[in-house]
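K.L.:
Sequence:
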Amino acid sequence: MKMKKAQSAMEYLMTYGWAILIVIVVVAALYALGVFQVGGQGVTCSPCFSNFAYVDYSAGTLLIRNGPQDISSVSVASVPVGATTAATSATPGQDITITAVPTTGNPVVTVTYTVTASGLSHTDTATMHN
1 MKMKKAQSAM EYLMTYGWAI LIVIVVVAAL YALGVFQVGG QGVTCSPCFS NFAYVDYSAG
61 TLLIRNGPQD ISSVSVASVP VGATTAATSA TPGQDITITA VPTTGNPVVT VTYTVTASGL
121 SHTDTATMHN
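Its first residue numbered 1, the sequence shown is counted upward by one per residue in this note's numbering.
Certain hints may be false.
What the hints assert, rightly or not - Label-pair distances were calculated between CB atoms; the ranges are:
id, residue 1, residue 2, range
1, His129, Gln37, 14 to 22 Å
2, Thr61, Thr123, 17 to 25 Å
3, Ile24, Val79, 45 to 53 Å
Claimed, not checked - Simulated crosslink set (SDA-like; lysine to any residue; CA at most 20 Å straight-line):
id, residue 1, residue 2
4, Lys5, Thr15
5, Lys4, Met14
6, Lys4, Tyr16
Derived by calculation from the structure, the hints in this document are not laboratory data.
Values in this document were obtained by computation on a predicted structure and should not be read as measured data.
Backbone N, C-alpha and C define an ideal beta-carbon position, used for all residues, glycine too.
Based on the sequences and whatever the hints tell you, model everything.
P.N.:
This is the structure we're talking about:
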């Protein structure tokens with residue numbers, strides 16, 4: 001009779017031991033990915049640009065990366081007014097620096113550009129969160 005109780009106890013410990021081990025591994029993996037980090041910088045732009053990759057934003061300077069097309073006639077506007085860029089064209093993957101983005105509130109930055117291959121004009125917008 002004691003042998004059956006011992007076997008039952010071992011099966012119980014092994015079953016739940018593996019389950020606890022799996023939970024510990026999952027929690028460790030989530031911790032390593034930074035899921036449990038509190039504070040820090042939140043989302044900087046949301047919604048962000050759809051045709052440009054967000055690179056960085058700090059102290060009124062926004063850095064975005066051009067998508068897969070050559071573009072020209074690049075202009076920038078913001079609400080409230082202020083944002084500017086020196087770039088007039090960009091090649092695929094080229095970074096575009098936008099300066100004087102208002103640093104208070106949630107300014108909306110609009111980039112207007114022309115795709116060189118088609119000659120069509122496009123507008124892309126992002127809301128920055130200060």
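K.L.:
Broken hints, numbered, in rising order?
P.N.:
none
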